[in-house]
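As they're listed, the protein sequences go chains A and B. Going by our numbering, the first sequence opens with residue 923, and the numbers climb by one from there. Going by our numbering, the second sequence opens with residue 15, and the numbers climb by one from there.
Quick caveat, the hints were computed from the structure, so don't treat them as lab data. One or more hints might be untrue.
Chain B stretches covered by chain A per the calculated footprint, using a threshold of three residues with CB under 8 Å from any CB of chain A [unchecked claim]:
1. 140-148
2. 240-247
3. 376-382
4. 390-401
Ideal placement from N, C-alpha and C gives every residue a C-beta, glycine not left out.
If you want the building blocks of each chain, they are given just below.
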Amino acid sequence: MNRLTGNMPRPWDSYRVTLATAVALLPAVAVFIARHFPAIVAPMLLALGLGLAWPLLFAWLRRKPLRWDGLLTATVFVLLLPAGVPLWHLALALSFGLVFGDLIFGDRGRSFLNPATVGLAFLLFSFPGLGTEPSGLTVTLAAAVGGAILLGLGLLSWRVATAFTIGIAGPLLMLGGIEGLEAMTSASLVLGLVFLVGDPVAGASTNAGRWVHGGLAGGLVVLLGSAGDSAGSLPSVVFAALLASILAPLIDQVVIFFNVRRRARRQSNV
Amino acid sequence: MRFTFRKGLKTNTECLRGPVGEPSVQTVAFLGADYPGVVFDLKVAEGDPIVAGQILCVDRRRTEVAFVASAAGRVRRIRLGARRRLESIEIACEGEAYRSFDAGPAAQGSDSLRELLLQSGAWAGFRTRPFGHVPDPSGRPHAIFVTATDTNPLAPDPVAVLAPQRELFQRGAEALLHLTDGPVYICQPDSAPLVPAQDRMRVVTFSGPHPSGLPGTHIHHVIPASRQRSVWQIGYQDVAAIGHLLETGRIKAGRILSVGGAGLADSALVCAPLGAKLSDLVHGRGNADAAQLLSGSILSGQRVEYLRRHDLQVTVTRRDPPESLARTFWQRQLDRIRTPQTGATLPLEGFERVFPLDLCQSPILRALAVGDVETAERLGCLELLEDDLALLSHLCPSGSDYGMLLRRTLDILAQEQAA
């Protein structure tokens, strides 16, 4: 449908959103490549290839223009990948994530999950006992820089980020005191916050819902972490993000229920 | 009552005031698209001479509702669109002849006032919420909202425009009291009250960035409209025009408009009749071509030839650079990649920062985009009209025109209610 109104140059279109997210990913990618140079090349190329091939296939089948978000999904996926994953595991998991987390729903924005989250959850579920995920304070810092860029642009909700931080820090402080907070410097945790939990598509779409969604994801990280290795480990972050985004539409429905009831009361009172 | 909003889009353009120019308008037009839901019965034919205030057409279902000519002249062309729906009646202006109305009885009773407003076309200045229709001739709304604020970029300043016609405005506002049993709200900027407040005449001030000046924002916060509660809205210049009609028995078709935008060196106020041809209004103010002209503000304006009924401004956009020359080699390569026309709504937090209404906007936008009429109604789309969503359409990366989607949804809901 063509636009009739709105002739002011728009600040965002779908390509600009993709581009801005790519820019926010750049610091993390640069640090990551510098740290793991030769080993990372093959997984990265394979992932990028898949991130292009699947959207291309769907674009061709649907006769729609190609969207480039698959490349971002692939990059986030590789950044969070545990060390020593066989390439065919990677290919299978990422393909599952791309297709069933995003592409079968249609455009980006029509799904309710983040494809990287789905792919990583598939990987961790199907092939347990994987190596430790790459970490390091520099990656954490680079991811935080990316998060700051997205926050500044308004693509990452500050409500989600704040609620997530509170949701983690609260239980950690209660459980382990100040030392417990060390888990919050894990690279998976910050990457997961910025690119998995903070994805607007995979989160709640109301302001109250964003608080609940972020807090829930944070709390789940601690809960799942205490059951497994530690809070902030990759499985805890991925499954917390997955569960929180599955619950996000429900959270929205609750918020909408209260909004509708509040407005109905105003209707009868005023 | 006083409302101050923090949410909204801060634009660095102020309301316009200053001397009012009088461009010579050669053509005016009556536009069918200004009145959604109306099927017109023509009362004139091409070539007929007409006087200002003469009935051009009436609503087929409610024949009392008349639509009148805003200037004297000759009917140049009647354009019919798909399914023989009236698109426009173009009038070549000449002369000053006008139709006189007997405003005497209207001062006495509510029925004769209605009759006068209906016959003189002033009735078409009202819009109902929900649905944005011309109200029923016998309808009695729960409240009438007079919008004497305008926060659109480069809009005329209502207080300055009303200053010379304060008494007419007051007279018109008092006449509105006869049309409703409920209150008449004068929504105005934070300044001295435009009319003295009385029992049913209430002054409400609104301040804050756009959209604090839109009637949708006012009505939502004062008395939300719904299926059970119909509310009418009317612009400040239409109220002054009603006052003028009651005072003199002549319609006042002239409106004070602002003409401005990035395509013009300087902005100015002009006085022109309703439905004036946009290119006549900018004539002599730099060479703007028709593709640059918008009726309405840059946010909600539409690329049309003539001024729409409820618009009080004309925006001249920047001239588009010629396609082939301005693009560099790399830009042309980029152009070859097909860009999506419209995509899915991205529920960004930024939407909430510009929407001062207590509605869940991302879910509403989604419901409108997929055509889920029931959900859209439950979420409160009956409180909205097209202009209220202009800012969200502007911000949404999907590129959807939510105003148009809302109109479609409202039309379906209105048909259901009528059936």
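Legend entry - Coverage claim, chain A over the stretch 390-401 of chain B, checked by counting residues with Cβ within 8 Å (three needed): Holds, because 4 residues of the stretch 390-401 of chain B bring their Cβ atoms closer than 8 Å to Cβ atoms of chain A.
Inset, instruction - Mind taking a look at whether chain A covers the stretch 140-148 of chain B? Criterion is 3 or more residues with CB to CB distance under 8 Å. - result: violated (count 0)
Legend entry - 8 Å C-beta criterion, at least three residues: is the stretch 240-247 of chain B covered by chain A: holds (count 3)
Inset, instruction - Examine the stretch 376-382 of chain B for residues whose CB is less than 8 Å from any CB of chain A, and state whether their number is three or more. - result: Check passed, 3 qualifying residues.
Checked against the numbered hints given earlier, the structure breaks only hint 1 and satisfies all the rest.
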